[in-house]
Amino acid sequence: MNRFTFINAYTAGAALDALKSDDAITVENLNRKRPLGGGSDLLAEIKEGLIAPDVVVNLKGIGGWNGITFDSRELRIGATTTIAEIADAAEIHQKFAALAQAAHHVGSAQIRNVATVGGNLCQRPRCWYFRNPDIACLKKGGEGCPASVGENKYHSIFHNDAPCHIVSPSNLGVALLALDGKVNVTSPQGDRAVAAADFFRLPTREDPFRETTLRPGELVTGLSVPITESKSAYLQFSEKAEFDWALVSAAVSLQMSGSNITSIRLALGAVAQVPWRLPAVEKYLMGKSATDETVLSKAADLAVAEAQPLGKNAYKVTIAKTAVKRVIRQALGIEV
Amino acid sequence: MDAAWPKDRKVLSTEVHRLDAAIKTDGRAKYAYDIQFPDLLYGRILRSPHASAVVKSVNLEKAKALPGVKAVALAGGDSKNIRFAGQEVAAVAAISKQVADDALKLIEVEYEVRPHVVNIEAARREGAPEVFDGFGNAQPPKATRRGDPEAAFASAAAIVEGEFRTPVQLHTCLETHGLTAKWDGDELTVWASTQGVFSVREGLAKNFKVPESKVRCICEVMGGGFGSKFGPGVEGGLAARLAQDAGAPVKMLLDRKSEFLAVGNRPSTIQKLKLAADKDGKLTAFSCEGTGTAGFSGGGVSAGGGGGVVWPAPYIYTVPNHDVSISGTTTNGGAGRAFRAPQHPPASFGMESIMDMLAYKMGIDPVDFRLRNDPSEVRQREYKEGAEKFGWKDKWHAPGSDRGPLKRGVGLASAAWGGGGKGSKAEVVINSDGSVEVRCGTQDLGTGSRTVVAIVAAETFGLRPDQITARIGDTNLPFSGGSGGSTTSASVAPAVRVACINALEELNKRVGENGSWQERTAKLGMTPITAQGDWQPGLSSSGAGGVQFAQVEVDTETGQVRVLKVTCIQDCGLVVNRLGARSQANGGIIQGIGYALFEERVMDDGTGLMLNSNFETYKIPNIADIPEIDVTFLDMPERGVIGIGEPVHIPTAAAIANAVFNAIGVRVTELPMTPARVLAALGQAKAHNV
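If you read the protein sequences in the order shown, they are chains A and B. Just so you know, numbering that gives the first Met the number 0 puts 121 at position 122 of the first sequence, and the rest follows in order with no gaps. Just so you know, numbering that gives the first Met the number 0 puts 661 at position 662 of the second sequence, and the rest follows in order with no gaps.
For the record, the hints were derived by calculation from the structure and aren't laboratory data. Backbone N, C-alpha and C fix where the C-beta goes; we use that ideal spot for every residue, glycine too. Mixed in with the good hints, there may be bad ones.
[Claimed, not checked] Here are the in silico distance ranges between beta carbons for each label pair:
1. I22/B <-> E292/A: 53 to 61 Å
2. G390/B <-> S71/A: 51 to 59 Å
3. D87/A <-> I625/B: 30 to 38 Å
4. D604/B <-> A240/A: 45 to 53 Å
5. P37/B <-> N1/A: 24 to 32 Å
6. I22/B <-> N1/A: 35 to 43 Å
7. D87/A <-> I22/B: 31 to 39 Å
8. D244/B <-> A23/A: 46 to 54 Å
9. D604/B <-> D87/A: 43 to 51 Å
10. E107/B <-> M0/A: 20 to 28 Å
11. D604/B <-> I333/A: 55 to 63 Å
12. Q531/B <-> Q109/A: 48 to 56 Å
13. F614/B <-> M0/A: 38 to 46 Å
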């Protein structure tokens, strides 16, 4: 671990001041000053030798950034709220099941007790090439993506024309996309609320460095989810029964009239560089019976119609289809 | 007095809690890492980031000049030639781990990077880079032949063929390798995490060209070795050198990444098998053409040996005609080492898979098929009793016949292991206050050996185990060998028994046989009783079998395999500690579940680096993956003590694989059986050599 200046910020303004940075999108600018939430990702990045920040700013002392609140319109969760607090909140289980279930699947009990909402949304990818300090890749300012022809069983199955094949590791991001949530951001220019779909970004050749649209020096202050009559669910399939990353996850939020779907938002996780919404499937399912096996099978096929698996991850296409069917059943309380 | 085991046992064969359970759970137990001295230094090792390279130069000057650095050293031996990523290049000792890490960054190494090859197929290809110049990567085959296999295949009633693959498995000791080294003049003391205090002493004495009598190795408690911790290792040698140069004790315990890269593994296998039987279902012919990789080496003296590729085939079966040829493949990977029943789990997976294929092909119940072909009388009993306990007849169904996406299935497999006792010595002291000390230079690999020592003494003296002070884990104690090969209990228990019997004889002679223990020992006055004992034949034996049955549930839409139940029937001779033996079986089975479903070293062809050198992506079971485990020991006290640490691990993965076949009706021929491989077997996803 390198030496760095550690700053405890007690106000949003102080945190922004401490993190003030050159706005240019470079690996250096993105990593010279880093905010600290639970540290479950940041400390690992530092200890593994992936980054060597000059300044680390602790956000956990900022007043008003921790906690879960409701009003008549929306649920708000502060950036430094722990994942465990979400997973344990009865009201979130009742009204935003997808979010609670996504939180429940994060890491282990120990990780959920320290990891935060802001950190979960902003965590760096788990790609084993990215995580190995002895391997260069586009994301770290090097050339090429070794996963494109290498060991890619955990990598993306969509949007593989992109120059980088990571998958977004954020469980909450998948749930947030299905629940039409927003990420609240603060910057020296002011505050803004960003739709989940606009918060996560696909890598480009010019900028493969960021997984979110946050610019250097900007911070997530929390998330918000509109209160609706929808039922929702999140599930994930992993190699191990617990304490493992998703091979594929899925989240859905839907409303029904009898057995027919009247509104639906559906997203897959761990299949692309961002939480992956399925608009064609949503469109297809509108007005159809959610209990009709033929309908669900067609939806599953549609979900992966544009999949472009890499050399070693075609199996994830199969799991993605299963995830689509089962997450809808789960939301409606139907057994596998 | 006769040292024979008593027929009527009060302590032996009962359930006894580990004597050191409390201190291990509340943190009082002192592991190698817990040893502290006021002037203690921290050692760290610089490792090669290249899989194949020549070290042209190493400049240690800047590291040496860093304040807080007390010693620097080059790795010894053949460290000029880098043959795997993670190989030791240099080491430093400093006043803190942070300073030592900073110093590593100041070491300048000039590498001439050479082409590497990390995977078997690539290594055996024409024109592949040679790991050792002038020596092909394909090692000379080890071949055995019996009868006339060609003729036997030609006249067989049924033949099956298959190719089976097992991964490189890592030991994943929860306590990493290493030791703390301290010199006092020309005498060296090390506190090591080891399964062989005497072999560590021997290794260090040779390394430093000092008499063994000047080296002492202590290991009070340790956190797992599984065959990888017999010697001091490169890290232990470096620690002692740095300590010598610095004139201060050095603690050198590896970090997790180093642990994954450089301190051993179970070699992989690729097994092309063919098996035939006559119309009665009796095996007639077998052939095996195989390879595998133990990285750049099959393990050396410092590793304890035993880490080669070659596996026993046709394993537990006797096939009158067979042709076996196995050729190891050298690759730029960390060296193999002995690992819990070296190469038996892959042998069991290959052989029991093809046995199952033949049974199903011939329409013979898999249990019945083994009864027809397994020559072991003990296992014949175990098949029958195991099938009964497991409920084989009720649980078995035609392969893949469950409706719906979740399909259940059952399978079985079996083990054979030698083990046996040898050469241990023990000493017993009975004091006039009635206290008893038993001294034996074995060590507790985590199997409960300390408690074994106390149980035998308690039984012999008519005391409770907690009344015995068991001293182990120190080369200043009477000799006992390394804890490997399931030999520890069979070596230690007889030596302790003989020493205790000798002590009891002297006690009887001096104070008579009447009165309580306290009354009699009180008469000893100023002179305690000290008696020695050597291991002697008749109190232990070798040759364990063991059969395991598994039930699984497979999700055919995700490829996930969940183990629901494992039933283990294990012969164990005279059970010393029923609780400890059951813990061994539980641990062996859990490790077998890891081998079956999760564990696999992933090497990157492009960079030559290991990609999953952490517990995040090198996956081992945790509590949610562990099924109901039902263990039964066949009590055979007449055979004496038999170790079972290894046989209980051997058949688990094969039994699970056979259960997966029974569940889904297609065979997964490669471990671990990940969702990717299960879906590929089901034809749900393109088959990839992942």
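Verification of the hints:
no.: 1; hint: I22/B <-> E292/A: 53 to 61 Å; in the structure: holds, 58 Å
no.: 2; hint: G390/B <-> S71/A: 51 to 59 Å; in the structure: holds, 57 Å
no.: 3; hint: D87/A <-> I625/B: 30 to 38 Å; in the structure: violated, 25 Å
no.: 4; hint: D604/B <-> A240/A: 45 to 53 Å; in the structure: violated, 31 Å
no.: 5; hint: P37/B <-> N1/A: 24 to 32 Å; in the structure: holds, 28 Å
no.: 6; hint: I22/B <-> N1/A: 35 to 43 Å; in the structure: holds, 37 Å
no.: 7; hint: D87/A <-> I22/B: 31 to 39 Å; in the structure: holds, 34 Å
no.: 8; hint: D244/B <-> A23/A: 46 to 54 Å; in the structure: holds, 48 Å
no.: 9; hint: D604/B <-> D87/A: 43 to 51 Å; in the structure: holds, 45 Å
no.: 10; hint: E107/B <-> M0/A: 20 to 28 Å; in the structure: holds, 21 Å
no.: 11; hint: D604/B <-> I333/A: 55 to 63 Å; in the structure: violated, 44 Å
no.: 12; hint: Q531/B <-> Q109/A: 48 to 56 Å; in the structure: holds, 49 Å
no.: 13; hint: F614/B <-> M0/A: 38 to 46 Å; in the structure: violated, 19 Å
Figure legend: structure checked against the earlier numbered hints; hints not met, in rising order: 3, 4, 11, 13.
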